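2 protein chains.
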Amino acid sequence: MIVLLGASGYVGSSIAWRLRQLGAAFFSPSHSDLDLTSRDAVSAWFADKKPEFVINAVGFTGRPNIDGTEIEKWRCLQANTVVPGVLADVLGGLGIRWGHVSSGCIFNGANADGAGFTEDEEPQFAISDPRAGWYAQTKWMAEKLLRDAPGVIIWRPRIPFNAVDNERNYLTKLMRYDRLLEVRNSISQLEEFAAATVQSLQERIPDGVYNATNPGSILTSEVAEALRRHGICRKEFQYFTDENEFLAHPGRVYRASCVLDPGKLAAQGIRMPEVHESLERTLHAWKRA
Amino acid sequence: MIVLLGASGYVGSSIAWRLRQLGAAFFSPSHSDLDLTSRDAVSAWFADKKPEFVINAVGFTGRPNIDGTEIEKWRCLQANTVVPGVLADVLGGLGIRWGHVSSGCIFNGANADGAGFTEDEEPQFAISDPRAGWYAQTKWMAEKLLRDAPGVIIWRPRIPFNAVDNERNYLTKLMRYDRLLEVRNSISQLEEFAAATVQSLQERIPDGVYNATNPGSILTSEVAEALRRHGICRKEFQYFTDENEFLAHPGRVYRASCVLDPGKLAAQGIRMPEVHESLERTLHAWKRA
Chain A
1 MIVLLGASGY
11 VGSSIAWRLR
21 QLGAAFFSPS
31 HSDLDLTSRD
41 AVSAWFADKK
51 PEFVINAVGF
61 TGRPNIDGTE
71 IEKWRCLQAN
81 TVVPGVLADV
91 LGGLGIRWGH
101 VSSGCIFNGA
111 NADGAGFTED
121 EEPQFAISDP
131 RAGWYAQTKW
141 MAEKLLRDAP
151 GVIIWRPRIP
161 FNAVDNERNY
171 LTKLMRYDRL
181 LEVRNSISQL
191 EEFAAATVQS
201 LQERIPDGVY
211 NATNPGSILT
221 SEVAEALRRH
231 GICRKEFQYF
241 TDENEFLAHP
251 GRVYRASCVL
261 DPGKLAAQGI
271 RMPEVHESLE
281 RTLHAWKRA
Chain B
1 MIVLLGASGY
11 VGSSIAWRLR
21 QLGAAFFSPS
31 HSDLDLTSRD
41 AVSAWFADKK
51 PEFVINAVGF
61 TGRPNIDGTE
71 IEKWRCLQAN
81 TVVPGVLADV
91 LGGLGIRWGH
101 VSSGCIFNGA
111 NADGAGFTED
121 EEPQFAISDP
131 RAGWYAQTKW
141 MAEKLLRDAP
151 GVIIWRPRIP
161 FNAVDNERNY
171 LTKLMRYDRL
181 LEVRNSISQL
191 EEFAAATVQS
201 LQERIPDGVY
211 NATNPGSILT
221 SEVAEALRRH
231 GICRKEFQYF
241 TDENEFLAHP
251 GRVYRASCVL
261 DPGKLAAQGI
271 RMPEVHESLE
281 RTLHAWKRA
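Chains A and B, in that order, give the protein sequences. Per this note's numbering, residue 1 is the first one in the first sequence, and the count goes up by one each step. Per this note's numbering, residue 1 is the first one in the second sequence, and the count goes up by one each step.
Some clues are possibly wrong.
What the hints assert, rightly or not - To list a few chain A residues with every Cβ distance to chain B over 10 Å, as calculated:
(1) Met-1
(2) Asp-67
(3) Thr-81
(4) Val-86
(5) Phe-246
(6) Ala-267
Stated by the list, open to error - Going by beta-carbon spacing under 8 Å, a handful of chain B positions derived as facing chain A:
(7) Asp-33
(8) Leu-34
(9) Thr-37
(10) Lys-73
(11) Leu-77
(12) Ser-128
(13) Met-175
What the hints assert, rightly or not - Subject to a maximum C-alpha distance of 35 Å in a straight line, what follows is the list of computed DSBU-like cross-link-like pairs (lysine-lysine):
(14) Lys-173/B <-> Lys-144/A
(15) Lys-50/A <-> Lys-144/A
(16) Lys-235/B <-> Lys-287/B
(17) Lys-264/B <-> Lys-287/B
(18) Lys-144/A <-> Lys-264/A
(19) Lys-173/B <-> Lys-144/B
(20) Lys-173/A <-> Lys-49/B
(21) Lys-264/A <-> Lys-287/A
(22) Lys-144/A <-> Lys-144/B
Please keep in mind that the hints were generated in silico from the structure rather than gathered at the bench. Every value quoted in this text rests on a predicted model; they were computed, and no experiment measured them. Ideal Cβ positions, reconstructed from N, Cα and C, are used throughout, including at glycine.
Just chain A, same shape as in the assembly (with noise of 0.2 Å):
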């Protein structure tokens, strides 16, 4: 048996979704079947369920954007940090292999050359910027905290995206901001992103952290063009000028854009394909939804 933590959330219920269309028992204690941040409740609950494997997708990423986790920063450091904590504690006390869905977030830019970071490059942003917001620095602590756990998989996503219209959709965010602002990232396609969790752990690579984005990066103007170019969204879009037009909105909170290499991931045989092509496809099967 498998435990899913967080299913209900937009990466955790993917992430069940996986797991069904796989054919895989596993179950997903609700916050009231489990107080994730009680060592002694979680201690007691995994002793007693044994599962194979965990996955923890809990996360605080703020209502209705990243903003958000600036106003109930106690409740994003409980959920983003004091749990994976927690698991780490009892998890690698019992043996139970996991892993934890941390972010990009705590990249900004990209080397000098153009090429993503890699995980043996220490996160410039979240640790030392004095730009990173909350949620960046919970998701920086988290891995910290992690480091030296034992049999632990930690997976860098970034901006997940998929063909249903979901308010933590990065579609579906993009078309419903006034202005956007032009910027090059690595992106996640969020059900291949889900398969790769599963896969990991299925298929047992080693411990540590993995960046988990599609492989290449994107402009937002090009994601912009695509939903226009398949008819999903009609509208013309305006750009700020700058980050500092962006950031002038009150309690905006300032946002890392990264490119991530994804090749320690595709090395164990996991590959998410080039963004583009993962990119047209969820907009072809958004035309059909």
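Fit chain B to the given chain A structure using the hints.
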């Protein structure tokens, strides 16, 4: 009625002593009375108690010393960051004033002219120095959580000491270490710090951050020699030749040393005695004990 949280700790028990000395009625819930990581529990409890003010002396400092915080990272994060986050949320909502015991350990060194850091200066250690340990990071994350919270005073003590032999007491620690590291620090006499916290809330000084150390700074060797001069410790103290030799010990965390300027608190009429004077008085009391 006053509420004191963390009354069983080294700092908290001194604040309890001060409140008793003043004849102030206070209540100190234990862990089993109140789960401080549960927003619902904390909210119900404080709505019922309606205290005049609250002092949060809950903290996880590691056993036997700060190195222990690297092992139990999530416990440290719960106590040092999540708890003040919950309190900010609940007490802010209820309009209850409160104070939080932070730490000066988020700074390193002193200003170029030797002057102590003021509250206007950004901590340069916990935020971006890769040597900063987990403890310093959790304390700094808490200050960031509380920055925008209403009605909260944040005190920054440093390396508490008093006349009672205790494993948390700087003087006890110095006497137990095989070798010492020669550094310059601002430090806080425990009972004087405790008195300052209560006075801050009783006299309703403005919200915000306050360095709460004895004015001035002191070298490790000055404290060691004072211990010998008072006949409290007869041993010939040995010193590490440098920081690298100190850090060569496995599991040892880099310690920041720093000089803080407590002038902002003094300007509110809350004055702690000069550090050498306070140390002398403490050592006299130790001899008599």
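Do the hints match the structure? See the list:
1. The Cβ of Met-1/A lies farther than 10 Å from every Cβ of chain B, with a closest approach of about 25 Å, so its non-interface assignment holds.
2. Chain B leaves Asp-67/A outside its interface by the beta-carbon criterion, the shortest separation being 13 Å against a cut-off of 10 Å.
3. Here Thr-81/A does not stay apart from chain B, with its beta-carbon only about 6 Å from theirs, under the 10 Å limit.
4. A beta-carbon of chain B comes within 10 Å of the beta-carbon of Val-86/A; the shortest separation is about 6 Å.
5. Its beta-carbon lying about 21 Å from the closest one in chain B, Phe-246/A satisfies the requirement of being farther than 10 Å from that chain.
6. With a least CB separation of 27 Å from chain B, Ala-267/A remains clear of the 10 Å interface cut-off, as annotated.
7. With its C-beta approaching chain A no nearer than about 16 Å, Asp-33/B sits outside the 8 Å limit, and its interface hint is violated.
8. The criterion of a C-beta within 8 Å of any C-beta in chain A is not met by Leu-34/B, whose closest approach is roughly 14 Å, and the hint is violated.
9. For Thr-37/B, the suggested interface contact is upheld, since its CB lies about 6 Å from the closest CB of chain A, less than 8 Å.
10. Checking Lys-73/B against chain A: minimum C-beta separation of about 5 Å stays under 8 Å; hint holds.
11. Hint status for Leu-77/B: holds, given a least beta-carbon distance of 6 Å to chain A, under 8 Å.
12. Given the 8 Å rule on beta carbons, the hint for Ser-128/B holds: about 4 Å separates it from the nearest Cβ of chain A.
13. Proximity of Met-175/B to chain A is violated relative to the hint, the smallest CB-CB distance being about 32 Å (cut-off 8 Å).
14. Restraint check: the Cα-Cα separation between Lys-173/B and Lys-144/A comes to about 29 Å, which is no more than 35 Å; the hinted pair holds.
15. At most 35 Å may separate the alpha-carbon atoms for a hinted pair to count; Lys-50/A and Lys-144/A meet this at roughly 26 Å.
16. Restraint check: the Cα-Cα separation between Lys-235/B and Lys-287/B comes to about 16 Å, which is no more than 35 Å; the hinted pair holds.
17. Our distance criterion of 35 Å between C-alpha atoms is met by Lys-264/B and Lys-287/B, whose separation comes to about 33 Å.
18. Note on Lys-144/A and Lys-264/A: the hinted pairing holds, with a Cα-Cα distance of about 19 Å set against a maximum of 35 Å.
19. Note on Lys-173/B and Lys-144/B: the hinted pairing holds, with a Cα-Cα distance of about 30 Å set against a maximum of 35 Å.
20. Taking the CA atoms of Lys-173/A and Lys-49/B, the gap is about 44 Å. The hint is violated against a cut of 35 Å.
21. Only pairs whose Cα atoms come within 35 Å are accepted, and Lys-264/A paired with Lys-287/A is accepted, the gap being roughly 33 Å.
22. Between Lys-144/A and Lys-144/B the CA atoms are separated by roughly 19 Å; this keeps the pair inside 35 Å, and the hint holds.
Going through the hint list in order, the structure does not satisfy hints 3, 4, 7, 8, 13 and 20.
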